[in-house]
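Chains as they are written, first to last, in the numbering used here: chain E, 93 to 389; chain W, 8 to 314.
Source of the hints: derived by calculation from the structure; they are not laboratory data.
Here are the simulated DMTMM-like cross-link-like pairs (lysine to aspartate or glutamate), alpha carbons at most 25 Å apart as the crow flies:
1) K47/W x D250/W
2) K47/W x E357/E
3) K19/W x D137/E
4) K156/W x D137/E
5) K19/W x D192/E
6) K114/E x E329/E
7) K19/W x E232/E
8) K149/E x D141/W
9) K287/W x D127/W
Partner residues aside, some chain W positions facing chain E, computed with beta carbon under 8 Å:
10) L15
11) N33
12) G149
13) A204
Here are the computed distance ranges between Cβ atoms for each label pair:
14) Q333/E x A211/W: 54 to 60 Å
15) R228/E x A211/W: 41 to 47 Å
16) H362/E x D154/W: 51 to 57 Å
17) D379/E x D16/W: 33 to 39 Å
18) E232/E x K287/W: 54 to 60 Å
19) A12/W x H303/E: 27 to 33 Å
Think of the CB as a built atom: it goes at the ideal place given N, C-alpha and C, for glycine as much as any other residue.
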Amino acid sequence: MSDVQKSDPGLFDYAPYRGRPKIEWPDGKTCAVWVAPNLEFYELDPAVNPHRKSWPKPHPDVVGYSHRDHANRVSHWRMAEMMTKHGFPGSVSLSVALCDHIPEVVEDANQRGWEFFSHGIYNTRYSYGMDEAQERAIIEDSIETVQRATGQRIKGWLAPALTHTPRTLDLLAEYGMDYTCDLYHDDQPTDVKVKSGQLTAIPYSLEVNDHYGFFIYNMSPREYADTLIRQYDRLAEEGAQSGTVMCIPLHSYLIGQPHRIGPFEAVLEHIAADGRAWITKAGDIVDAFRKQTGDLS
Amino acid sequence: MSLDASYLDYPKRRHGMDHDYYPYSNLFDRKPVQWPGDKKLMIWPVISLEYFPMVPNDNPFRAPGHMQTAYPDYRHYTAREYGTRIGIYRLLGAFEKVGAKISVATNSVIAQRYPQLIEDIISGGHEIIAHSTDMNGTIASGLAEADEKALIEGSLTALEKVIGTRPRGWLSIARSQSFNTAKLLAEAGVDYMCDWANDELPYAFQTDSGAITNIPLNHELSDRQIINVQQQSVDSYAQQMTDAANWLLAEAEQNGGRMLPMHLTPYIMGLPYRISSFEKLIAGVAEHNDIGFARGDAILDSWKAQK
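Next up, chain W with everything else stripped away, as it sits in the complex (with noise of 0.2 Å):
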């Protein structure tokens, strides 16, 4: 099949971005940025707090980790609940014993069914943040903008009305989004997204309804793309965040405090035979005096004030 003379067309060729979101900017060129507490490096854990219900839902696409056998899967269905009662607790029992606060990005259903465990977590002093309805609440370029919409208000009411406040942050299911995704956020009042992964600081993005920040929760780095997708061991998983956390504390020797997302999945990094590894990991690092532990809207509050 031949091309169409078009194809050689390239509208958006220009200096600068193909779109309006952000302006380029080299993470090196930027004015350096000041953890508080002085630390050089601050890691930001985000765990994903999901439920599946039984019967997915394909459009605008399955959301990974979703119902793979005929009805009743109940393999899957059960073994994502086992995140949602035993492997949370053993996460957030791992950051409690280094007085860790971290975020949460909490489908607002689970806000619903279980608000035991919202309240641990907030006890705990952990942030909540907006994750969609459910894992059936997948957004992508298909989805009508009335629906996502009512998608992303349906998402941050439910979880408000448990939690008493709105939640600051989201987390779209997969980082997927629509053209109308960082809009629709700005309009509903979210203070920061996580879904690009393009930088290793925050930064701000434009929308047609004005900004919202980006603080990329760097897929590459979280237990699904180690563990489930690249078949990696919990001990290299460990590794690999030691490398990244020296790695990023000798670059902030030279250009200012650094971030390291950590994602985690409760029903992957929370069996009994991956925590005990985790938990090491989290008590060296939290040994080290230049790295601290933060929750993602005391990294945006930081950064923004020295904007």
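Same shape as in the complex, but just chain E (with noise of 0.2 Å):
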């Protein structure tokens, strides 16, 4: 790849906000809202990846490590049974190792009706410096463990710990994936440039994740709670124009903890009642999305 095209990699041809084609989503909702809880396993003594440390401090990190752990025990079970209760499925971002080391939280999450993407395989293994080789390896133990596991076909992917390499989009998308949640250009989905088949980004957010909440603008629980309402207002006003998407990206370890997930649930109830909301699943969002747009594979 030479110089120019490492500075503009030509993800996408710019779209301006103003006078896009409508986007309707059924019901005549204006905003389509997923919730992606991340479903994670983090290893306590992983291997180095020269690119990227995976712990901040010496291996065992006990905090960094048990605090992730706190997901699987505790908080996982927290946070599904308020979305469940609240009519909200979950679009899961998911450690596929998860499957291996704790099929009972992936289990929880199927039976719920829930649907599955990758994450890679652990969230402490990047994809800096893979070769093609070793990245098609990951994306096919995802797909073929998830399936086995689930039954389910991924569709979609988030790259563990948002690394990626320049082929990731171009190897999804030749998987036939449909859908990347690595991409924050828009508030609406985009048809990313590929070198076969199709992938839609889809909205997701840094913004509104708990983890940027919580660590970056140092939110308290309450105050994440408003910010997510405010955020879910907006798009849904906006989205009578065109249909607009949020999601909700979550870590149970988060949001789950015991003086988060009470006002929390605020959020959902408040999306839940509002009437606008297309509360669905983000494959079920793309699948809507090029309906209108045109399905090119």
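Put the complex together from the two separate chains, hints included.
Shown next, in the form of structure tokens:
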């Protein structure tokens, strides 16, 4: 890849927010809302990737590891129950090795009717530095592991710990994935330029990700809940012009802590009661988008 | 830089955890716990009592709250000493008002330097747990096993000498351990450690030298995390603890006794402009019939008796 191509890899064409064709969601809803729980497994003593350190402290990073392990022992169950109670299915960003380590959590999500996409093998194994064969291996591993554990064929991808290579998106399309959650340029779905097939970028979010809320913006639980409500209200209003997408990306070890889960419930209540939200899964949003904009595959 | 082929080997990819310290367990699948006095929620206050030498040690790492300026760092040295002179007494006062007995994670150097403070804590009915020697006594991989063993033994022995009994609990500085820590604590006869934040009830932790119990002292609910790291107000802290208590009380109706760890730092919470809000919080929860306060050793004994 030349330096010019590197500087602008040509992910998508520029498309101003004004004057776009109207996207319509089912039943006249204005904002497609999807919740993306990250169900992850982090290794206590992972192999070293020279491009990125896994834990900030020498292994074992007891706080880092045990904080995340809280997800599988405690907070997943709290978060999942609350989502089900208010009618929100999950579209799961899955460290696929969780299927091996803690199948109880994966089975629980599957039984709730949630959809799975890959978030890599572990969230402590990064794609930086992988050659094409290695990258194909983690994609194939993801497809096979999730199929075996849940019966579902994964349709999407969120790179492990958001680590990519310049070939990742092309490979995802080649393997028949429908969507990527790795691009943050829009509040509506966008088709990404890929060598073959079709790949849609669905709006995920870092800005309203619970990790950003609590550790980048240092919000209190109630401030975070208020942030999500404001985000939703604005997107639901603008969606009357052309349907918008709001993702609520969660990590149960954050949102499922006892001081946060109560305030968070107000968000789900607000969105469920509002009437303008199409509360659904990532794959359904991408399908509805493609029906209107053209299925290229 | 390309990656070695072994980067895609996953030797510990298997059913269960990727280590042998504890098996996977879902909190909601366990036999419900019943606390003494039929309390539904037990609050476990832990105050960290810390001495920061004015010459910091970076091996294996510098403790949070340690010296920051060129020598002499009078500002941080004295601001931390404010905690051991003033702040601790404000916190003890808040708990005395409601009759709560608590745990105090104590650097052993504090016991040697300020025996009067230790006497006040003990005579108040509180528990002393070991918290290394002083704030230069950090632990992480890289610290030689013999040195770590000596550090743990030194802390326990010095505390025992002043208190008269050997501490049953241990809190590492910044909850940081090496791969040897749990084993060395078990060998030293420590009954419980507080470092692993992965649960909300005690659980058994296996080492090559036998079992030790981990009672999770959730760092997310600490004054350091909420007030110092996340820069929130004490009123927001009090709101968050109240929200947590209410959530756990409701959960206890279905799932059995719950525990709320409350980790406090005298130089953070014990300031004049913060303490009133904290006292109000403590007084409020103390009024609730279903909420109790307990020392770590009491929680441990109650939990163990039900296993």
